[in-house]
Structures are given as C-alpha cells and as structure tokens.
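Student: Chains as they are written, first to last, in this note's numbering: chain A, 1 to 114; chain B, 1 to 109.
Any given hint could turn out to be false.
Just some of the chain B residues that point at chain A, by a computed CB distance under 7 Å [stated by the list, open to error]:
| no. | residue |
| --- | --- |
| 1 | Phe34 |
| 2 | Glu43 |
| 3 | Pro96 |
| 4 | Phe99 |
| 5 | Lys101 |
For the record, the hints were derived by calculation from the structure and aren't laboratory data. In this text, a Cβ means the ideal position worked out from N, Cα and C, and glycines have one as well.
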Amino acid sequence: SAVISQKPSRDICQRGTSLTIQCQVDSQVTMMFWYRQQPGQSLTLIATANQGSEATYESGFVIDKFPISRPNLTFSTLTVSNMSPEDSSIYLCSVGPGGLGGYTFGSGTRLTVV
Amino acid sequence: RKEVEQDPGPFNVPEGATVAFNCTYSNSASQSFFWYRQDCRKEPKLLMSVYSSGNEDGRFTAQLNRASQYISLLIRDSKLSDSATYLCVVDSGNTPLVFGKGTRLSVIA
Chain A
1 SAVISQKPSR DICQRGTSLT IQCQVDSQVT MMFWYRQQPG QSLTLIATAN
51 QGSEATYESG FVIDKFPISR PNLTFSTLTV SNMSPEDSSI YLCSVGPGGL
101 GGYTFGSGTR LTVV
Chain B
1 RKEVEQDPGP FNVPEGATVA FNCTYSNSAS QSFFWYRQDC RKEPKLLMSV
51 YSSGNEDGRF TAQLNRASQY ISLLIRDSKL SDSATYLCVV DSGNTPLVFG
101 KGTRLSVIA
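With the rest of the complex left out, here is chain B (with noise of 0.2 Å):
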C-alpha cells in the first residue's frame, strides 16, 4: 500500500461547483498533515493544515478522520483560479514529509 494515496483526477469541474478531494495514509503514526496548492510548472504552496476537529479558511474546509487514515479538502464555489493540483503531505515527525501525487482539477468557465 503507497504511503500517501489520493485519486489523481482530473477534476473537470464548472464554476461554481462544490468539489471534495480525499487522502488516504498508510502510517498511524502520523501526527500533522497539509494540503498544498501546485500550479504547473510552479512549486507547492502551503493551501493549509489539517486539524484533528476539521478547519475552513473561506471556501476551503478541510477534515481529518484518524480512525479511518482519511484527509479530505473540500472547495465551494469553484473559481476559474482554483485550477491546480492539491498535493496530500503527512509529516510523521521523524520521518521525511511524505506527498502524495496529487489531484487536478480543472474549473471551466
């Protein structure tokens, strides 16, 4: 089982849309997890973390679920510029991040 496992997409969705990306880790030893943003040919940028209760930051909610080994990232109302991949990262401390390969998605106008 890979350590990080998300559906690589893509996500071809219309402006507007309420779109959920999910995140499976193998390591229960995990302890903090991120969602970042990649655009093409750019580096990832740090979308947010992901708290045990479940955190927003606007149109982005992200939860985790550490019984099931489970992050997912939710986005409403979809934007022209949430076009990108979102990479699933697991920090398990002492251990190198672990990133996962990534969901695209596309918004169409």
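Only chain A is shown next, with the shape it has when bound in the complex (with noise of 0.2 Å):
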C-alpha cells in the first residue's frame, strides 16, 4: 500500500493565522482526501483532490476556509485559513482504495488555535 509522509505533525497557532498541511505520496494516486477529526469524534471528510481540477468539497466545508492544492499526483495541501479555536483538530490526509479496498492515512497534523 502507498506510505504517506504528512507534515507538519503538530502546531499551536494564534486565531486569524493560517496553516497549510503538507501530504506527499511515494507513488502516483488520482485522488486524495482530506479529512478532520475533532476530539472524541470520527473522521469527517473535508473535501477530495484531484489532479488537475479544483477540489470537491463536503457540506459544511468551503473553499475560503479550506484551500486545497492538488499540483500532481503524489502531492496536496490542505490550508485552513483565519483558524479560530474551533478549528482544533487533527488533520489527515488520505488515498485509496489500495489493496483488499482498504485506504491508507498520513499520520495526522494535531492542530491547537489559541
């Protein structure tokens, strides 16, 4: 199955900044995911990239907010932008389906907006 490397793995960041999430793929994929998922909760999808073409976003998830860039097929970034602290989260980004239809994740970017 493909490996994910996701950075950063943490940050604390200040209300109104932003922080764009890095997933690079050691093999070439058609699309990525991305996902949140807050405290206690499960994954809720963001929204999904393609390459080529401008993300699809989830109900609840915009584009303002969330920029994704999807230059080719091994790379994306997820920006969460103007963070509030309801923006705490961990982040992941995701490909799939590989093998026995399974997806794999990157390790996850644990969010704190103070």
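Combine both chains into one complex, guided by the hints.
Tutor: The structure is reproduced here in structure tokens:
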C-alpha cells in the first residue's frame, strides 16, 4: 500500500492565522482525501482533491476556509485559513482504495488554535 | 438514525479474553466494509476488510450480515497490544467513506 508523509505533525497557532498541511505520497494516486477528526469523534471528510481540477468539498466545508492544492499526482496541501479555536482538531490526508479496498492515512496533523 | 453506529465502549477485558464489537449501518446500498484500528494519537490503519462470507485473519474474525445491515469483529485471545479504538467503516461506492465513532478496547494484564 502507499506510504504517505504528512507534515507538520503538530502545531500551535494564533487565531486569525493560517496553516498549510502537506501530504506527499510515494506513488501516483488519482484522488487524495482530506479529513478532520475532532476530539472524541470519528473522521469527517473535508474534501476530495483530484489532480488538474478543483477540489470537491463536502457539506459544511468551503474553499475559502480550506483551500486545497493538488499540483501533481503525488502531492497535496490543505490550508486552514483564518483559524479560530473551533478549528483545533487532527487533520489527516488519505489515499485509496488500495489493496483489499482499504484506504491509507497520513500520520495526521494535530492543530491547536489559541 | 446515524449512518454507522458503534458501541463506544470502553470494553475493558483481561488478557486472553474473547471480545466482540458490533456495528450497524443505515445505507442498504453500501458495498464494502472495513474494520480499522486507531491507536491513541495515531492515524487509522486498515485491520481487515469484511466479506459477505465472513473472513478470518489469525485471532480476528469479521462477519457481515447484509439483511440486518450489521458487521461484527471478534478478537480471540486478547493481547495487551490489541488495546486501541476500532473503527467500523462503510463504503457506498459513489459517496464518501462513512466512519463510525469507534469502539475503545482496553486489554488488562
């Protein structure tokens, strides 16, 4: 299965600032997915990033708040813009489906907004 | 009704015990089913896919009941290292993966 390098692993940010999270995959993949996992909750899909087209956002998530780049088939970034404490969460990228139909996740970015 | 429901636990079991987790899903068109394991402060990792006929991987057995829209995971001879949160995940094909909130397992020496 694919190997994903995600960074930063964690950050503490001031409200009103922005943070860009990067994911690098060791193989070319058509779709990359960005998730949020709030404390004690399960994963919620933010958007699907396809190379060469705009990302597709899920209900409740907008491009102005979570702009995504997908410049090639192995890399994507998610920016959390104009952050507030409510954005404190773990953000994960994912690719798939791979073998057995499952999905592989990056190691996550633990974001705290103060 | 939530799309994927799991008993949140925690399940506290002694080493060597057998423990079973259940998961129900609401979308009858769901096509693929998975169990993921998530350790504290780590990303989810695929534990096993769930097939209609049921499947086994060592101490782990997964079963699917499409009629009842029900998935189960059985862990035999529990080890300390099995302590984690187990996520039930459902793939309906054209819609995003749906994750349950997870069931927390603590295996105690």
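Student: Each of the hints needs a verdict: does it hold here or not?
Tutor: Quick rundown of the hints versus the structure:
1. Phe34: It holds, given that the least Cβ distance between B:Phe34 and chain A is near 6 Å, below 7 Å.
2. Glu43: Result: holds, 4 Å to nearest chain A Cβ.
3. Pro96: This hint holds: B:Pro96 lies near chain A, its Cβ roughly 4 Å from the closest one there, short of 7 Å.
4. Phe99: This hint holds: B:Phe99 lies near chain A, its Cβ roughly 4 Å from the closest one there, short of 7 Å.
5. Lys101: 4 Å, holds
Consistency note: the structure conflicts with none of the earlier hints.
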